[in-house]
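Novice: Work the whole structure out from these sequences, hints included.
2 protein chains.
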Amino acid sequence: MARWEPDSRGRLERAALALYGERGFENTTVAAIAARAGLTERTFFRYFADKREVLFWGAGALQELLVTAVTGAPDTAAPIDAVVAALEAAGGVLQERRDAARQRQAVITANAELRERDLIKLALLSTAIADALRARGVASTAASLTADTGIAIFKAAFAAWVDETEQRELPQLIRDSYDELRAVTAGAARP
Amino acid sequence: MARWEPDSRGRLERAALALYGERGFENTTVAAIAARAGLTERTFFRYFADKREVLFWGAGALQELLVTAVTGAPDTAAPIDAVVAALEAAGGVLQERRDAARQRQAVITANAELRERDLIKLALLSTAIADALRARGVASTAASLTADTGIAIFKAAFAAWVDETEQRELPQLIRDSYDELRAVTAGAARP
Chain A
1 MARWEPDSRG
11 RLERAALALY
21 GERGFENTTV
31 AAIAARAGLT
41 ERTFFRYFAD
51 KREVLFWGAG
61 ALQELLVTAV
71 TGAPDTAAPI
81 DAVVAALEAA
91 GGVLQERRDA
101 ARQRQAVITA
111 NAELRERDLI
121 KLALLSTAIA
131 DALRARGVAS
141 TAASLTADTG
151 IAIFKAAFAA
161 WVDETEQREL
171 PQLIRDSYDE
181 LRAVTAGAAR
191 P
Chain B
1001 MARWEPDSRG
1011 RLERAALALY
1021 GERGFENTTV
1031 AAIAARAGLT
1041 ERTFFRYFAD
1051 KREVLFWGAG
1061 ALQELLVTAV
1071 TGAPDTAAPI
1081 DAVVAALEAA
1091 GGVLQERRDA
1101 ARQRQAVITA
1111 NAELRERDLI
1121 KLALLSTAIA
1131 DALRARGVAS
1141 TAASLTADTG
1151 IAIFKAAFAA
1161 WVDETEQREL
1171 PQLIRDSYDE
1181 LRAVTAGAAR
1191 P
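Those protein sequence lines, which keep their order, are chains A and B. Last residue of the first sequence: 191 in this note's numbering, with the numbers rising by one and none dropped. Last residue of the second sequence: 1191 in this note's numbering, with the numbers rising by one and none dropped.
Rather than coming from a laboratory, the hints here were simulated on the basis of the structure. Treat the hints with care, since some could be wrong.
[What the hints assert, rightly or not] The list that follows gives simulated cross-link-like pairs (lysine to aspartate or glutamate, EDC-like), each with its CA atoms no further than 20 Å apart:
id, chain 1, residue 1, chain 2, residue 2
1, B, LYS1155, A, ASP118
2, A, LYS155, B, ASP1131
3, B, LYS1121, A, GLU113
4, B, LYS1121, A, ASP118
5, A, LYS121, B, GLU1113
6, B, LYS1121, A, GLU116
7, B, LYS1155, A, GLU116
8, B, LYS1051, B, ASP1007
On a predicted model such as this, the values are computed, not experimentally measured, just so you know.
Specialist: Right under this line is the structure:
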C-alpha cells in the first residue's frame, strides 16, 4: 500500500492545470504532472484514468447534483424554474473553484478535441436533466426543450463567469442569463 | 478522366445509408458502398473524404443557408425571430429529404462516435448563427443565448420529424417547437 498523501487529487489537479497552461495540454505527460505534484504516476492513475480526465472528472458530480435538485424541486415548480434553480445550486458549488475553472477553460479553449469533449459533456448533462424532468411527468419534447434551454442559459453564464473582467458570481450570472433569455423570447416580434 | 456518372453523389449516399442500416456503420467499407452504387472507390473519394462524411456533408450547406438567412433578415426582426425564420427556411430544404434523414438518424443513434459528431455539428451551427447575430449588432452574450435557444428549438423539432409516427413537416414543427419554448419560458412561476 502506498503511503496516503493528503489532498493528492487536488495537488495533481493543480499541477496538471499549471503544466497545461505552461506547455499546452498535448505536451504535458502524466509523468510530468506527478513529478510537479511530488507524487508518483501510480498515484495519478489512482485518481484519473488519463490526463484528459483531470479536466472532466467533476462532470459526474455536477450531473448528480443537477438531477437531484431537479428531482427534489417542489411539485408546483414550472419545469424551467426547477432547472434554473438546479443550475443555480450547481453554480454555487462551482463558484468556490473560479480560479481553477478559469485555468481549465483556457486549456480547453486552446484544444479542439477538448472543446468537443466539453460540448459532449454539456449535451450529456442536458440529457440527464431531460430524463429527470420526464420522471416528474413533463412531456418528452418539452423536457428536452427545457433541458436544452437550461444548458443554453448555463453556457452563457459560464462564459461570462470565466472572463477575467466579470465580477458577478455564477449563481447571479445564471439568474441574469435566465432573465435575458426571457427577454429574448418574450420580446420577439411574432405574436 | 473518369467517365461522368449522373447523380454519383446521390447514388453513393443511398448505397451507404442502405448498407449502414443493414450491416452497421462500423461494418461497412468504402469498397462495399462503391460496389453497391455501381461506382469505383475512386469516385467515392471524389465526393467524400471518408465513410463518415456521407452522413455529414450537408452541414456546410446548412450552415451557409442559416447564416445567409439570419444576415438577410429585416433590420426590424428580433434576433430570435431572425433565427427561427432561418431555421424554418432550412427546414423547408431538409423536408425534401425526410426518408434519407430518417435512415441517417437511425445510423447515428446506433453509434456513440457519430452521436458525438452530430452534437458537435449542432454546436458549430450555433456558433455560426451567433456570429451572424453579432454582425447584426446583437450583444455577444445575447447572440450566443439566442443561437443556442434556436438550436434547442431545432433539435426538438428535428427529433419529432424523424419519428415515423410524426406527420407534420419540419418547418411547422420548428414553429410549434418555438411556441412551446415561449410557453415554457413565459409560463415560469418566477416573475
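Novice: Hint by hint, say whether it matches the structure.
Specialist: Going down the list of hints, with the structure as the test:
For the hint pairing LYS1155(B) with ASP118(A), the CA-to-CA distance comes to about 19 Å; that is within 20 Å, so the pair holds. A distance of roughly 16 Å separates the Cα atoms of LYS155(A) and ASP1131(B); the hinted pair therefore holds under the 20 Å criterion. Distance restraint check for LYS1121(B) and GLU113(A): the Cα-Cα separation of roughly 14 Å lies within the 20 Å cut-off, and the hinted pair is therefore satisfied. Restraint check for LYS1121(B) and ASP118(A): the C-alpha separation of about 14 Å stays at or below 20 Å, so the hint holds.
Among the hinted pairs, LYS121(A) with GLU1113(B) is consistent with the structure: their alpha-carbon atoms are about 14 Å apart, no more than 20 Å. Distance restraint check for LYS1121(B) and GLU116(A): the Cα-Cα separation of roughly 10 Å lies within the 20 Å cut-off, and the hinted pair is therefore satisfied. Our distance criterion of 20 Å between C-alpha atoms is met by LYS1155(B) and GLU116(A), whose separation comes to about 18 Å. Restraint check: the Cα-Cα separation between LYS1051(B) and ASP1007(B) comes to about 18 Å, which is no more than 20 Å; the hinted pair holds.
Checked against the numbered hints given earlier, the structure satisfies every one of them.
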